[in-house]
Amino acid sequence: MKRGAVFAALVAAAAFSAPVNAQDTLYIANNSYRTGPFAGSGIPIGDGMRDYMTMLNERDGGIGGVKINFEECETGYDTKKSIECYEQGKSKGMLLYSPWSTGATLAAIPRAHVDKIPILSMAYGLSASAEGNTFPWVFIPPVTYWDGASIMVKYMAAREGGLDKLKGKTLGLIHLDAPFGKEPIPVLENLAKKYGFTVKLYPVAAADMQNQSAVWLNIRRDRVDYLYNQGWGAMNPTAVKEAVRNNFPMDKLVGVWWAGGDDDARAGGAQAKGYRSLNLQMAGVNFPVIQDIQKYVVDKGKSLSPKERVGENLYNRGVLNAMLIAEAIRNAQKVSGKKVPTTDDVRKGLEMLNITEARLKELGMEGFTIPMKVSCNDHSGHTKVYVAEWDGAKWTKSSDWLEPIRDEVRPLIEENAKDYVEKNAGWPKRTEACASSS
Amino acid sequence: MLYREAGQYKTSYAADMAIFPLRQDRIGLGVILAIAFLLIPATGNDFFLSSVMIPFLVFSLAAVGLNILTGYTGLLSLGSGAFMGVGAYACYKLTTAFPGVNIIIWIVCAGFFSAAIGVLFGLPSLRIKGFYLAVATLAAQFFLQWSFVRIPWLYNYNASGAIEAPQRFLFSIPITGGRATPETRYLVLLALVVAMTWLASNLVHGRIGRMWMAVRDMDIAAELMGIRLLPTKLLAFAVSSFFCGVAGACMMFLWYGGGEANDLFNINLSFNILFMVIIGGLGSLIGSFMGAAFISILPTALKFGLPAIGIPLLGSTAEHITYMLVGALIIFFLIVEPHGLARLWQILKQKLRVWPFPY
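Residue numbers (this note's numbering), protein chains in the order written: chain A, 1 to 438; chain B, 439 to 797.
Isolated chain A, as found in the complex (with noise of 0.2 Å):
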């Protein structure tokens, strides 16, 4: 009776057959949403990536003489497509699996610790996954969202004059409600508690991005001091938007560090002047290696990009992203000495990520970022990030970089580590040799 279903199935099932992955090119997965209401932010990001690694292979010939294959699975933002990605990348031989969104990643690690494919999740994803006894596949340099969330506090705390004058003050959370939005919860509600002020949550579900009014009426009425901005596609421009309609003072809207994208601050007009956003690298493209992606990729009409949108905040921030897949990948061959590495050889060579400023420079990248580290316990290396600042057409640094919290973080992501093995009976232990020295 489901012979017409069964029959499809099988035509798809030849068509599907994918063409074995030739021995001779690094074939890395990476999840894009060029589709859908996330775009917005996924566009510019995939760009950069991409951008990336075409750089690479027209300029060095790949990464130590290999050949990249970057390829590229539209998800939409959806985590249906995202675990189709994941299954068709693994069956094509990933060496390595960019999630690009905390739902998918969530869907992936217990898969990639089964199939042992290294995930790079940076600074999205599982806060918890930083805790790298626990999680050897997956790797969250250079800071979780936890992190994060009590850099916000440090950067009120800066403003208002010393932690103690926390007290009696309003921090909203304006947050996409979905598993990305609300990573930051735990710890501003921790912190709150420590110091004595008061964390209000203003969810946004997926489906109200563009309609936020209702959230900001209650924003308005609880008088809050300082607004975090956990938000991340259509929900940034308009959450600018509507800051700008209803008077909030935006030098106090503090956007994670996906809230700043150009498009995100450029939606709010003039108004939007002074709105910040916690960031990972400069924006620019007075960096060597955006100017060897212009000479290389841009210049000769191998990139996706508008050419003046090359270098914009999210544009560099999946520069970063594919810079530490490229180093990793470097360290893989170094260690294992094979032009192509086995999935393992990544994971060692993420574990031994190790970005110098000496390295950064030789990587065209010096004062792009800052130097990180990765540990084999400490999968994220809570690295610093700084406030950046919109001044009206780009964004600008504005304060320094910024230490999380780490003695209030790095106890919390233990604890859920082990709380996440506890709800996940037979949970794999670590039996991946440490990589790194520490």
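Note that these hints are calculated values from the structure, not bench results. These figures come from a predicted structure and were not determined experimentally. This list has only true hints and no planted wrong ones.
Derived list of chain B stretches under chain A, where covered just means 3 residues or more per stretch with a C-beta under 8 Å from a C-beta of chain A:
id: 1; segment: 583-597
id: 2; segment: 687-697
id: 3; segment: 701-713
id: 4; segment: 728-742
id: 5; segment: 752-764
Restraint-style ranges between C-beta atoms, simulated for each label pair:
id: 6; chain 1: B; residue 1: 611; chain 2: A; residue 2: 301; range: 51 to 61 Å
id: 7; chain 1: A; residue 1: 67; chain 2: B; residue 2: 611; range: 38 to 48 Å
id: 8; chain 1: A; residue 1: 214; chain 2: B; residue 2: 576; range: 17 to 27 Å
id: 9; chain 1: B; residue 1: 481; chain 2: A; residue 2: 194; range: 51 to 61 Å
id: 10; chain 1: A; residue 1: 396; chain 2: B; residue 2: 706; range: 33 to 43 Å
id: 11; chain 1: A; residue 1: 285; chain 2: B; residue 2: 752; range: 18 to 28 Å
id: 12; chain 1: B; residue 1: 584; chain 2: A; residue 2: 67; range: 48 to 58 Å
id: 13; chain 1: A; residue 1: 159; chain 2: B; residue 2: 539; range: 48 to 58 Å
id: 14; chain 1: B; residue 1: 590; chain 2: A; residue 2: 367; range: 36 to 46 Å
id: 15; chain 1: B; residue 1: 590; chain 2: A; residue 2: 61; range: 49 to 59 Å
Glycine is no exception: its CB is placed at the ideal position from the N, C-alpha and C atoms.
Chain A is already provided as a structure; the job is to place chain B on it using the hints.
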């Protein structure tokens, strides 16, 4: 010639009322089951099993559920996605509270929770009909989805608000959680789908099914014949939600392995299942499978199939094409064959019966 029934005599009432009166159909069903149970798990790679077959089976189950309500009883519902969510969350709560009990029992039990909620939201169906009832079930969709997000007890106070499928075993083989292979997950799901389809088939071909269809065709006439409307309609809601609930639990535990209400059990899912039922054919079980295959496999086939056979297509372009194609095909089917794929299949069978002669 192949599909000729000449010489197949029925000598008992049982044979006359059989669901598959033709020998060819019975052989065909056997062949399909053999392919599904043996050939596919033996030859399909992980990607095919977990991205094509498992979604197809989950959606088929949900489509069968909605078809019982919409196709057989004539009650429109837009809440199937939420009822699937009830199943998933019920199964999650049950298996985390009683980890010792086999997960398959909990997957089936989750259906009962969904059925109970379905009956609750089905209560207005005696008074309101058609479009108005659809709006009432839409309320169920929004309310239930809201509860999944806002009641932390449902997701065990998890920091990210997501639920994850813990590892569970059947005969010491992991069937859920990260270590369950696609083959085992597929086979467990297939067994469930076959068993439940058999159940649905028996229900719709028996007394209860005839009551449902009588209500669908003309409820006043049905009432005059002595069919009590409210229990019949509520039963349809209960059975339909039961199927959706089991499908939801399977979706979470055998397919996703973890997820969150906002992301999964949204209105789009309800719409997709409704499209499956419409395209597949209202009031037809095989149609549910065909519709599910159409809606759930087509986008995957476009996105991964075309590049695999050498047509370079950017993922985002494939995504846009899928939207356009599915939209166009829905309109095409509604115009050309409003009874769906199942009706096309019936016509084809009829033609095969008299082949090679036109009459």
